[in-house]
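Peer 1: In case you want the letters, here they are:
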Amino acid sequence: MATATVERLIGKAVRRREDLRFITGRGTFTDDVKLPGTHHAAFVRSSLAHGRIVNIDASRAMAHSGVRAVFTGKDLADGGVNPIPVGWLLPGLKTPDFRAIAVDRVRHVGEAVAVVVAETAAIARDAAELVQVDYEELPVVVDAVAALRPGAPQVHASAPDNRSFHWEIGDRARTESALRGAAKVVRTRLINQRLIANAIEPRASLASYHPGTDELTLWVTSQNPHVHRLIMGAFVLGLPEHSFRVIAPDVGGAFGSKIFIYPEEVAVAWLARKLGVPVKWTAQRSESFVTDMQGRDHVSEVEMGFDAGGKLAGLRVKTVANLGAYLSLFAPCVPTYLYGTLLNGLYDIPAIHCEVDGVFTNTVPVDAYRGAGRPEACYVLERTMDIASRELGLDPAELRKRNLISKERFPFQTQVALTYDSGNYAPALARALQMVDYERFRAEQTEARKKGRYLGLGLSCYIEACGLAPSQVVGSLGAQAGLYESATVRVHPTGKVTVLTGSHSHGQGHETTFSQLVADTLGIPMTDVDIVHGDTGRIPFGMGTYGSRSGAVGGTAIHMSLQKIIDKGRALAAHLLEAAPDDVEFKAGRFSVKGSPDRGKTLAEVSLAAYLAHKMPAGHEPGLEMTSFYDPSNFTFPFGTHIAVVEVDVETGRTALLRYVAVDDVGNVINPMIVDGQLHGGIAQGVAQALWEWASYDEAGQLTTGSLMDYGVPRADQLPSFETDRTVTPSPVNPLGVKGAGEAGTIASTPAVANAVIDALSPFGITHLDLPLSPQRVWKAVQAARGGERR
Amino acid sequence: MATHDIRVTVNGTAYDAQVESRLLLVHLLRDQLRLTGTHIGCDTTHCGACTVLLDGQPVKSCTVLAVQADGRQISTVEGLEKDGKLHPLQEGFWEKHGLQCGYCTPGMLMTTCALLTRSKNPSEAEIREAISGNLCRCTGYNNIVKAVQFAAERLGKEA
Numbered sequence: 000m001a002t003a004t005v006e007r008l009i010g011k012a013v014r015r016r017e018d019l020r021f022i023t024g025r026g027t028f029t030d031d032v033k034l035p036g037t038h039h040a041a042f043v044r045s046s047l048a049h050g051r052i053v054n055i056d057a058s059r060a061m062a063h064s065g066v067r068a069v070f071t072g073k074d075l076a077d078g079g080v081n082p083i084p085v086g087w088l089l090p091g092l093k094t095p096d097f098r099a100i101a102v103d104r105v106r107h108v109g110e111a112v113a114v115v116v117a118e119t120a121a122i123a124r125d126a127a128e129l130v131q132v133d134y135e136e137l138p139v140v141v142d143a144v145a146a147l148r149p150g151a152p153q154v155h156a157s158a159p160d161n162r163s164f165h166w167e168i169g170d171r172a173r174t175e176s177a178l179r180g181a182a183k184v185v186r187t188r189l190i191n192q193r194l195i196a197n198a199i200e201p202r203a204s205l206a207s208y209h210p211g212t213d214e215l216t217l218w219v220t221s222q223n224p225h226v227h228r229l230i231m232g233a234f235v236l237g238l239p240e241h242s243f244r245v246i247a248p249d250v251g252g253a254f255g256s257k258i259f260i261y262p263e264e265v266a267v268a269w270l271a272r273k274l275g276v277p278v279k280w281t282a283q284r285s286e287s288f289v290t291d292m293q294g295r296d297h298v299s300e301v302e303m304g305f306d307a308g309g310k311l312a313g314l315r316v317k318t319v320a321n322l323g324a325y326l327s328l329f330a331p332c333v334p335t336y337l338y339g340t341l342l343n344g345l346y347d348i349p350a351i352h353c354e355v356d357g358v359f360t361n362t363v364p365v366d367a368y369r370g371a372g373r374p375e376a377c378y379v380l381e382r383t384m385d386i387a388s389r390e391l392g393l394d395p396a397e398l399r400k401r402n403l404i405s406k407e408r409f410p411f412q413t414q415v416a417l418t419y420d421s422g423n424y425a426p427a428l429a430r431a432l433q434m435v436d437y438e439r440f441r442a443e444q445t446e447a448r449k450k451g452r453y454l455g456l457g458l459s460c461y462i463e464a465c466g467l468a469p470s471q472v473v474g475s476l477g478a479q480a481g482l483y484e485s486a487t488v489r490v491h492p493t494g495k496v497t498v499l500t501g502s503h504s505h506g507q508g509h510e511t512t513f514s515q516l517v518a519d520t521l522g523i524p525m526t527d528v529d530i531v532h533g534d535t536g537r538i539p540f541g542m543g544t545y546g547s548r549s550g551a552v553g554g555t556a557i558h559m560s561l562q563k564i565i566d567k568g569r570a571l572a573a574h575l576l577e578a579a580p581d582d583v584e585f586k587a588g589r590f591s592v593k594g595s596p597d598r599g600k601t602l603a604e605v606s607l608a609a610y611l612a613h614k615m616p617a618g619h620e621p622g623l624e625m626t627s628f629y630d631p632s633n634f635t636f637p638f639g640t641h642i643a644v645v646e647v648d649v650e651t652g653r654t655a656l657l658r659y660v661a662v663d664d665v666g667n668v669i670n671p672m673i674v675d676g677q678l679h680g681g682i683a684q685g686v687a688q689a690l691w692e693w694a695s696y697d698e699a700g701q702l703t704t705g706s707l708m709d710y711g712v713p714r715a716d717q718l719p720s721f722e723t724d725r726t727v728t729p730s731p732v733n734p735l736g737v738k739g740a741g742e743a744g745t746i747a748s749t750p751a752v753a754n755a756v757i758d759a760l761s762p763f764g765i766t767h768l769d770l771p772l773s774p775q776r777v778w779k780a781v782q783a784a785r786g787g788e789r790r
Numbered sequence: 000m001a002t003h004d005i006r007v008t009v010n011g012t013a014y015d016a017q018v019e020s021r022l023l024l025v026h027l028l029r030d031q032l033r034l035t036g037t038h039i040g041c042d043t044t045h046c047g048a049c050t051v052l053l054d055g056q057p058v059k060s061c062t063v064l065a066v067q068a069d070g071r072q073i074s075t076v077e078g079l080e081k082d083g084k085l086h087p088l089q090e091g092f093w094e095k096h097g098l099q100c101g102y103c104t105p106g107m108l109m110t111t112c113a114l115l116t117r118s119k120n121p122s123e124a125e126i127r128e129a130i131s132g133n134l135c136r137c138t139g140y141n142n143i144v145k146a147v148q149f150a151a152e153r154l155g156k157e158a
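Order-wise, the sequence lines are chains A and B. Residues 0 to 790, numbered by numbering that gives the first Met the number 0, are exactly what the first sequence covers, in order. Residues 0 to 158, numbered by numbering that gives the first Met the number 0, are exactly what the second sequence covers, in order.
Looking at chain A on its own, in the form it has when it is part of the complex:
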């Protein structure tokens, strides 16, 4: 019998299976779920950044037609709602209570003070405006460096000096000595401004309680429904897992901001049980701005030492990280283990020391936002490398080449705890320089300057770390969770396959890439595979999707279950074929006896036999379903080089991004179309940090960029088409050889663009400007520089 030729799907740009529902308007996002009798919640929010709640008068709201109830923070606390816990503990960490609704003090603008439940969302919002809250105003601190100064307003009595933690990594003494012995030390102060994820779907939650079964179901915009179930159930609400189901249906973008347990989700879940009706809340964008956990917000003092040959001698970084008013779920690990550990970059740095102070302020809490710590580390390294190249009089590409870790040195032990799995950094840099035609650009740049046109080119060589692991190590570092992933592969009696994955897709295309993996491995069509994600009622367990982990960790869990399916199938087939299991091979969806291809059974035939169980081999149970928990032995480390080319109009200060070249190495690629798409989106977000985005607070703690009119989410006419290419260095960590692609673009692009703008402005003697490089900021700098010339 001829073996059917099955086209290999891994590595192919297969178009996405999930798209049909989205392009026809048939997606199901949380707010699309409509249950009869649903009531709607609206939150009364603090207009002050810091104040003591003196009195809450809800009488007018209660009297409003259509209002069902009004609850305050005290009502929830008395009703058994515990504070939202912290998922990552550091030594000495101060963890003040983070309550769903403030009890006696508000600490940032937008913090919930009360919740109104009404028959419609419009009535609930009307009534929320009728709740009268009296505050005693308290002094406000928004800047983290200022918050550390003696006499600064105190955000929490339990955190003296507003410090939540002090953390260090690396070798202090060796770094001190390396910098003392360096031929040149470059010093700079870098601000990584605060950002807001701004997923286009606002957060939403809908809870429904069934008194007959005592089950509470929560639909929520989550990247990790099992994490929501565990933390909300076990810690916040006291609900057992078996009667608490969390469904994260289609989720409209997240970028980290939908990992966390949010006050509104807690409140809605509690309200549905309390009131016995389904309760829904969907954020308005103005609420998203002041309630979605924000990102970045570092101030760093950087000292980078070089020897006389331009080789790195040492790096010392002192960072103040603004954590906002409360500790969000994973806030402590972002500016520490996801930041300090990445300061080795792609370079051979003999000594590194980093210390970080995590600081409370009267601002929205800060947690992971796409890249989470890694973009901050990359910005520190790549901005400082560019400043160094000018101070050393070396070409920025040449300085980087001299310092890249050579490919012979992998696995590479860094100075900051990590071991890089695999890497070959020079080819990506070379390819990016070739794509942008570096030498020609420099010639063009020189010519353009003569005509008063200011072109600039910026390089960024980045490293990314995906799939935080293994669980034992992250546990020893403070994680209150394991960072494995689970997958169940269920082969049905007809040979159709359902995969239950703990990963969650909110744009990443898991239904396609995981299907490619399953179809290839089992030799069946993709249409015979269903990928189920986002429902704790269907999927045994999962840790979810963040940190670019789904391919490397979630994909490998599926791979392991597939291998177990094949192993059991082989034993069954051997029994049916009266052959020894070792003599049975599995190819293209068929088990057959080696050397006698006619003697065989298809996967469907074996599966049917497994469910009929009329003829099972000894020691095997009926059925064909396997579950795996994959705990990686290490992170994976994608890398690459990005180059931005800009032109700055010095009369207006406006920067135009002319070209963007990205060469990325994300290991093996399952679907190149999807990987490129991830890169594109990441690049756009990082470019936007460099040029437009900034969550800016005034001294009173009011967010001054609190709408999409003021906050610069990039628009199509501000960006060029990006030019991408790849090198492929498989990861040895997992059997698929994949690394991860979700955050690479965001990590690399911000310093590339920043370096390009400063390069363009270098004729004015401008050596550094803080982000975002808005027209106003650039124009002012150019004006100041020109004024300086005139004097």
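Note that these hints are calculated values from the structure, not bench results. It is possible that part of the hints are untrue.
To be verified - Using 20 Å as the maximum straight-line C-alpha spacing, the simulated EDC-like pairs for lysine to aspartate or glutamate come out as follows:
| # | chain 1 | residue 1 | chain 2 | residue 2 |
| --- | --- | --- | --- | --- |
| 1 | B | K145 | A | D724 |
| 2 | A | K33 | B | E77 |
| 3 | B | K145 | A | E722 |
Note that the structure is predicted; figures quoted are calculated from it, not measured.
Following the hints, complete the assembly by docking chain B onto the known chain A.
Peer 2: Leaving out everything else, chain B in the frame of chain A:
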């Protein structure tokens, strides 16, 4: 609150509805007519997720009152597919990976649908200008541009 009786035609089907004066078109579509393909992203006319066609013109339905749509024709994403055949723009977005999370997609489709009605062969700059009122946070717009170019080419061949 005062209510009004209105009649709107959505994707060719006439609906009678009783609406509050303040009801927005997007809420009429999503909550009363249960056409949830049209999404809400910002409530303030910036993001374009709620874009629909009103008498053929793209409008942000979060900034149109339902009463303003009385007696008028509305097209939403649910109406793009005709007789089981996807619109070339839907094909383009699928073929060129013009969407990731899919949340901005209905608005993008309706905006570019209007674009291709007025411009048969738009340049990249024209496409980018046309969708500059529609925010996408996932794609960096790269493949949305390609999707629209694909559709323009497909429509050109069909014409």
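Peer 1: Next step is simple, just say for each hint if it's right about the structure.
Peer 2: Hint by hint, here is what the structure shows:
In summary, the hint linking K145 of chain B to D724 of chain A is supported, as the alpha carbons are separated by about 17 Å, within the 20 Å threshold. A hinted pair counts as satisfied when its Cα atoms are at most 20 Å apart, and K33 of chain A with E77 of chain B qualifies at roughly 18 Å. Taken as a hint, the K145 of chain B and E722 of chain A pair is honoured in the structure, with Cα atoms around 13 Å apart against an allowance of 20 Å.
In summary, this structure violates none of the numbered hints.
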